[in-house]
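S.K.: Chains as they are written, first to last, in the working numbering: chain A, 1 to 73; chain B, 74 to 570; chain C, 571 to 993.
Honestly, I wouldn't trust all of these hints.
[Claimed, not checked] Here are a few chain C residues that face chain B, going by a calculated C-beta distance under 10 angstroms:
{"id": "1", "residue": "Thr-782"}
{"id": "2", "residue": "Gly-902"}
{"id": "3", "residue": "Pro-904"}
{"id": "4", "residue": "Ala-908"}
{"id": "5", "residue": "Asp-909"}
{"id": "6", "residue": "Arg-912"}
{"id": "7", "residue": "Thr-913"}
{"id": "8", "residue": "Glu-916"}
{"id": "9", "residue": "Leu-943"}
{"id": "10", "residue": "Glu-946"}
Bear in mind the hints are in silico, worked out from the structure with no lab data behind them.
Beta carbons are placed, not taken as given, at the ideal position from N, Cα and C, and that holds for glycine.
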Amino acid sequence: MNKASDQPKGGAQIKDKTVPQPLLNGPPQVINLGLASFADELTKQGTVVVHVDWSPPARGNVELANLLSKLSE
Amino acid sequence: MSKLVNRVCVGLFLDSVILMQISRSITLLDGVEDAALMIGTPSNLDLLNNSKLLARASLRATGGDLILAIRARDEATAASALAKAEILLERPTVGHTGTTTLRPRTLRSAQDNLPAANLALISVPGDFAAAEARKALRAGLNVMLFSDNVSLSEEVSLKREAVEAGLLVMGPDCGTAIIGGVPLAFANQIPQGAIGIIGASGTGIQEVSSLIAQAGYGVSHALGVGGRDLSDPVGGISTLAALDMLEGDSATRHIVLISKPPSPSVAKRVIDTLAHSEKPCTVCFLGADAPSLPDNVSFARTLKATAELATGRSSKKKRPEFKSIIPHVTTGHQRIHGLFCGGTLSSEAQVVFLDQGVSVASNAPIPGAEAVGSGTSHVLIDLGSDEYTRGRPHPMIDPTVRDEELTKALADSTLAVILLDVVIGFGAHPDPAGTIVRVVEAAGTERPIVVASVTGTDDDPQNRQTQMAKLVDGGIVVAPTNADAATLALSCLVRDD
Amino acid sequence: MTTSEKVGSSIREANAEAIRRILEAEPVLIDVVPASEAIPALQEGMILHAGPPIDWGNMCGPMRGAVAGIAVFEGWATDLAEAERLAESGAFSLNPNHDFGAVGPMTGMTTLSQPVLVVENRASGNHAFCTINEGLGKVMRFGGNDASVLKRLGWLRDTLGPALGVALRAGKGIELKPLVARGLTMGDEMHQRNLGCSSLLLRTLAPDLARTVDDRTALAEMLSFIGSNDQFFLNLAMVLGKAIMDPVCDIESSSVVTAMSRNGTDFGIRVSGLGDEWFTAPVEMPVGLYFPGFSADDANPDMGDSTIVETIGLGGFAMAAAPAVAGFVGVGTPSSAADFTRTMGEITLTQNPEWTIPALDYQGVPTGIDIRLVVETGITPTINTGIAHRKPGIGQVGAGVVRAPLACFELALKALATRLGVG
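The shape of chain A in the complex, shown without the other chains (with noise of 0.2 angstroms):
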């Protein structure tokens, strides 16, 4: 979702595919999806990191999962 203030009236509201980062460029800038812990221990040490409340695609269910990658952007 973008910020409400950011765009222009009537546009295209959707996201662009977004830019390639750079890595290397200074501390990273994490999302972590899977273990809690990796999150809980990069916040301790200040780095800025987002945790997933992550769970399996289509509540497991595989066909699905498989048309929803197909289905993808």
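Fit chains B and C to the given chain A structure using the hints.
M.R.: Frame of chain A; chains B and C shown alone:
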């Protein structure tokens, strides 16, 4: 007649470490023979089946469901254990970051919260990891893929896609990285400096970076590329991408590459690339002989030698050498038994043995070493290997398996020396030395000599000096490096000169 | 590009178009006319109801009561018993409101002579229709069908409806998006809470009514009728939602939800790239709070076209704007209301910059439900709904939160994949 119960919690997901902690608690209950909490992926169903923990109730579970499996001495015990497990599942997990704020449920919404994110650290179960990694790459993120059990073809596909986008995939099965001084997953607190490391091995990176720190130098970045990156099918895609990044990184003035020996064609491709580097490089192919090298590249066969070459062989700091008297075996026994949490550390120990002309066996043998059961007396075990970690946490997180093996070895009256690694740092157990000392002290005085080294730094949460002192106080002989510990273990044996 | 990449990018482009149409819509209340004028296809014996298609045999108690009642009202039966016999025999043509450009709350009865609100979407030229809200208690939308109910419907038909028509035609129409925007700052979410918008609407209508209604007693009655109904604006929220979403209903490859609706038995959704096909599953039971004297045993299954409100990002999606509703629907503390809005952000493509929520630092309401995101996350749309008594004509017995069934979205996903050649 033992009783097996299964309960399926539809739609419930918790991370594997939490599940294993709960499994552990349940297994410790009186009367419980075995217990496991796992999500219902096909591979986990196999695991449960092989452990005789799978009941019919779970057969239609999917990866989105959680299975509680308990085998106990009777029905009442099983029911009571099941109830306890359900209580533990309801308890909010301790120590989570930002517990009052709603957390994003997907990578997509996480990125909305953190548009400047540049790295996805992925440790979801292997069945789902490749798909998440792909989403991350398409979102413009570099990927550290901690998850293992990602197929070779997925690895190649992901790495090719990453290269097209100018992104790096670290992994699969990448446990260690350091970026801009920040330790990621299992890594150590290393001062920032000029040495950039690329490693197809987690504990290899940990040992080399720690030795660099101990010598008073620092690391710019340490990039893990996954154990298979330098194999022929993958062809070194991430290694070459990482080289490119370090080449362009102004903070990096020396490049180190650590791997078990790659295929000759991949080795050649990598070394040819290094030849074009403007920076001096040190290459470590563990246990291999030096290939032909360009002028700017030095070669090392051990992690210890790698650190020495990268730092120019001179220590900036004058640290008091850790004094220890080399004990000699008096019983006439000649066998050494090694218990390693770090796979590369067990490989380095094998290199040291072979270099001294001593035969050695391992469950993860390097070229020139034997497989276990071949009759060779010295045995070095990698406890992080699949057969020990199936359905159990890695020994670096949970020392239970290593403590059990250590107890057995201490009671083995035919052993002369036990050789251990002790890996500290972020992600590792809070006090591995303490658990070892407790086990050793319980074994009494008639026991094999125990030799260890500590991989890590004084800045790590566990503090290397503190850990070493604990071991010494507990009667364990401590060497300054993993390679030195192997040498020291051999020195303990009475030799016929 | 691989086939999959082509499919992915065509969905992306189609969804961008869907969002553009949603956000550029300009719904304006322009008139009130008899349904026969608004919907030429309506015939004698034709009854439009809420939700996806359903036949008499499967209808719940309140909806049957409403069908019987409206048949008597229209003069197709002399009494309720005859109406029921006729219904049983298939004499009436029962159709979803949605198929005729209309929506209706709860039982949602729409027939020839009833006055309907007319909203024009000035951006795309289409029109949408909805009956006038009858008020609370014993009303036809809860299945009420006795003399008092029919008398009120008669008054709407003969007095309030025509008067509103005259008043609206005398002016330039009432722009509805700005009203909603103001309501969001006043604690409304436009499904279970419409107090702000209802008040603003009355404020706008009153002078026009005063100018065009000569009889002061009649005027007072009309103002009182509207002014005493906190939920008067609900029907406007619904019809403006229909006006916004109808132009989105046919964009090839789009995975955006264009309608959500229930008939007391089934929950149905429609998806832009799949046209007017309904994907249905049994409704779920609301979880909520009951008025004194009532309990879950009294509850009717979920019913009504009012979920068009969530489809455009309001209602349960905008709960962060309406902390008071959290207590009313029993989800917990007012401060937890924001979590619902944030969670709906996981299944929507964007935010609406014209409908913002002060408590969330003016983030726009989550807009554009994507069936792929629903299936991927397993998070289903949260709906703030009234709970009707399962016996006809008693009225609302509570309010709560109900979810759209995941099965609807899974079915739609499979259909979309097949349609796009990757199923």
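S.K.: Please go over all the hints and tell whether each is borne out by the structure.
M.R.: Outcome of the hint check:
Using the Cβ-Cβ criterion of 10 angstroms, the hint placing C/Thr-782 at the interface with chain B is not satisfied: the shortest such distance is roughly 49 angstroms. Restraint check, C/Gly-902 versus chain B: the minimum CB separation of about 13 angstroms is more than 10 angstroms; hint violated. Of the supplied interface hints, the one on C/Pro-904 is violated, with its beta-carbon coming no nearer than about 15 angstroms to a beta-carbon of chain B, more than 10 angstroms. With a cut of 10 angstroms, the hint placing C/Ala-908 at the interface with chain B holds, because the nearest CB-to-CB distance is about 8 angstroms.
Evaluation of the C/Asp-909 hint against chain B yields a held restraint, the C-beta minimum of about 5 angstroms falling below 10 angstroms. Hint status for C/Arg-912: holds, given a least beta-carbon distance of 5 angstroms to chain B, under 10 angstroms. Below 10 angstroms, beta-carbon pairs count as interface contacts, and C/Thr-913 has one with chain B at about 7 angstroms; its hint therefore holds. Taking 10 angstroms as the C-beta contact cut-off toward chain B, the hint placing C/Glu-916 at the interface holds, the least distance being around 5 angstroms.
For C/Leu-943, the shortest C-beta to C-beta distance to chain B is roughly 8 angstroms, which falls under 10 angstroms, so the interface hint holds. The criterion of a C-beta within 10 angstroms of any C-beta in chain B is met by C/Glu-946, whose closest approach is roughly 7 angstroms, and the hint holds.
Violated hints, listed in ascending order, are 1, 2, 3; each of the other numbered hints is respected by the structure.
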